[in-house]
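Based on the hints, put chain B in the right spot on chain A.
Taken in order, these protein sequences are the chains called A and B.
End of the first sequence = 714 in our numbering, gap-free, step of one.
End of the second sequence = 872 in our numbering, gap-free, step of one.
Derived DEER-like restraints, expressed as beta-carbon distance ranges: (1) B:831 - A:359: 51 to 61 Å; (2) A:67 - B:797: 19 to 29 Å; (3) A:205 - B:716: 53 to 63 Å.
Here are the computed lysine to any residue pairs in the SDA-like style, where the Cα-Cα straight-line distance is at most 25 Å: (4) A:300 - A:497; (5) B:832 - B:859; (6) A:639 - A:293; (7) A:274 - B:730; (8) A:585 - B:855; (9) A:429 - B:777.
Think of the hints as simulated: they come from the structure by calculation, not from any bench.
Fair warning: this is a prediction, and the values are worked out from it, not measured in the lab.
Glycine included, every Cβ here is placed at the ideal spot set by N, Cα and C.
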Amino acid sequence: MRDDQFWKADSSNDVTDFAVNRRDFMKIAGGGIIFLFTIDDLEALAQQRSGLNLATDFNAYLRIGADGRVTCYSGKIEMGQGVYTSLAQELADELDVSPDSVEMVMGDTDLCPWDMGTFGSMSTRFFGQALRTAAAEARNVLIEMASEKLKIDAANLTVSNGVISDKKDPKKKATYGELSEGKRIERHIGLKKLKAPSEFKVIGTSALRRDAELKVTGKAMYAGDIRLPGMLYAKILRPPAHGAKLISADLSEAKKVDGVQVVKDGDFIAVIHKFPDVAEAALGKIEAKFSPFEDHLDDKNIFEHFLKVADEGKVIAKTGDLPAGEKESSATFDQTYYNDYVAHSPIEPHTATASMEDGKLTIWASTQTPFPAKDEVARELGLEPKNVRIITPFLGGGFGGKSRNLQVVEAARLAKLTGKPVQVAWTRKEEFFYDSFRPAAVVKIRSGVSGTGAMSFWDYKVYFAGERGAVAPYNIRHHLTTAYDAGRRGGPGVHPFATGPWRAPGNNTNTFARESQIDIMAAKAGIDPLAFRLQNLTDKKLINVLNVAADKFGWSPAKGPSGRGYGIACGTDAGASVASIAEVKVNKSTGEVRVVRVVCAQDMGLAINPEGAKIQMEGCITMGMGYALTEQIHFKDGKILDTNFDSYELPRFSWLPKIETFLIEDKEADPQGGGEPAIITMGGALANAIFDACGARLFSLPMTAERVKEALKS
Amino acid sequence: MEEKIGFTLNGKPVTVMADGDRKLLWVLRTDLGLTGTKFGCGESFCGACTVVVDGEAVRSCQTSVREVSGKEVMTIEGLAKDGKLHPLQHYFMEHDAMQCGYCTSGMIMTAYALLQKKPRSTPSEVVAGMDDNLCRCGAHNRILLALADAGKQMEGGF
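Same shape as in the complex, but just chain A (with noise of 0.2 Å):
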């Protein structure tokens, strides 16, 4: 995949590149009813969706076992947001089985539906609504066969958990697994529509994780786990710096080391043990020398260099005229706002197993996209796509850092040069180096108020953010929003290093630009901060959720700064629309900040397991104090400066605050995303909290307790 696709899939809450390969649907294996639908409809759906394109073709979504069983294929994989636990609710509930009954199979590209990637919060909005889709049609054909075979109507038959049987006479039944029976299926029917809400029986309905068994035993299988046999273990020579190049490796010393391989193959060296440890050590022996790298760029200049590379910009909104804007203001506001490059750091780092038979490829990785994975491995192999087969086991995390698939053509490629099964499991250090960060940015906003409190005008400039969120959800009438980038990933010339998407990317930055730019504004003009967002807002969900927040949080209207260290901040993302309020203590002596407290209320549509949406609430708001308080990365001459958790700091337990989650629940409505929205309001509402406690204005993100000591002095 190409960056640029890559990019325009992922940059906006609406998908509008999704195209789908139909050559692979049909590649099922194993027995059991193999279903070939057209669904016309479906694909309608899909377009109604933002137009975007999914299998028609049944048998790409589940199978049905003569045990009566039900096989769930998705190309999404599962990375702790829990769709391993809601896709197999939704298959349930609308083929009218036992959740117990269905198994996923995911993120394998020989079995299951071709899928772009496992982001942008689209697995329930999209995938699952196609998989609801094709389990509603297969629910049809099963009764219309049961009907022939009853020889009672339709209409008289009723299903429950996997068996049809008439109204009247219940003994007169058949199971999916008896219809199914050693034939294989091929009916073509029109579009059943989705169950109602009133007639969910799962959808909507808190379920427990499926995979909490597996993973509280450890037997959950991660892509580090797999053992086969044979197999060796690599540790691959890295540069020191981004822009090195190996100049020369004396490997005398790590070939001494007993059972050590050493893989040579032009640049790239690897060392390679039955043992990962004696392979690491190994590895220190080689005696490498590299070129230094030519850039002298850091963590300090580097908000200089975005401005002086900066393309000359994209309007992505426009309305009114900004000079009139201008005049009708009682005060105007200029700020710019900036946020360093952040770490993805999943706790389980980059990891591929593969291995090589008969001229097919095998790869268990931890990958976010499976089968862009396998164009890569073999476009880079030279393989046959069909090759090579992805199979995704459990992620130990990704937050969108396992977009990027280094590690599964290294893996690729030793497995294929040695001949041998071969591991590639990063160290804490490589996920650092070769992370593609959220990337640092900068936000300038121009913006004025009139005297009755309206927001006059608003000019937006983001630079290499991105455009996801960057546009004002607020009633303004004039206003313009530009963006300078070239999308996240930057262009030639602007990171020195790989950047990528990370957790909502764009709207963190953007969220928090605008919503620090909102409260300053409403403190000039005196007004309750809460009061001057609804003042300008016509956005009836934003509004509610907002409402929502305040009144769970015990909101009373105030001056900003208050002393109280209340902040709030609100705004959209993949659909769904989202408030947090936070408290916090601010340690005027060390400029250390402490969260007491954090209310969130989220308007997401139909949450297919509230439970579990209200977990991946709870995840946003945990991480995001990360990059609002501590995360950044240090980098000095293509140096990565962070090798570990010492100066890298993540959110622990002793941060914790007291969270509060709210859903708006509202059955009747689409689902929309719900992995990253909450993430969004983090910087802001902690922005504005710091200013509400102490009067402190932060501009830059993280407000590391030194950054907010320096604002106090100002």
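Showing chain B alone in chain A's frame:
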């Protein structure tokens, strides 16, 4: 140099032939095939590799296999008894106290050592005891709920 090292692993005696300087984490995961114990950071900052040695939670990425010679080592695989889950495992499930699950083994083993010593640890003792175990997904509050419930049951002598 390879040497013969014996210890008790999950209640059963084991002997490995290994260089005694090798880290317990890799001996467990490769030589002994117990992959429930995870690699996270390799420098004891994250706690994903935590196992219990003679009742103490230790970082297996920093512990040499020689150091556990003659000792009792317990990993996540040894926690359930006769097919019955340990209260910590049970309550982690009940409270959905994990997302990706990769830190879970280390969380549970750290909690096990902590609560074995003092099942009724105060909330601040629990936070202090768990603080060096990192979870990137943000399951922290639910983990604390699981520990509170498990502690009550462990007090009863599970």
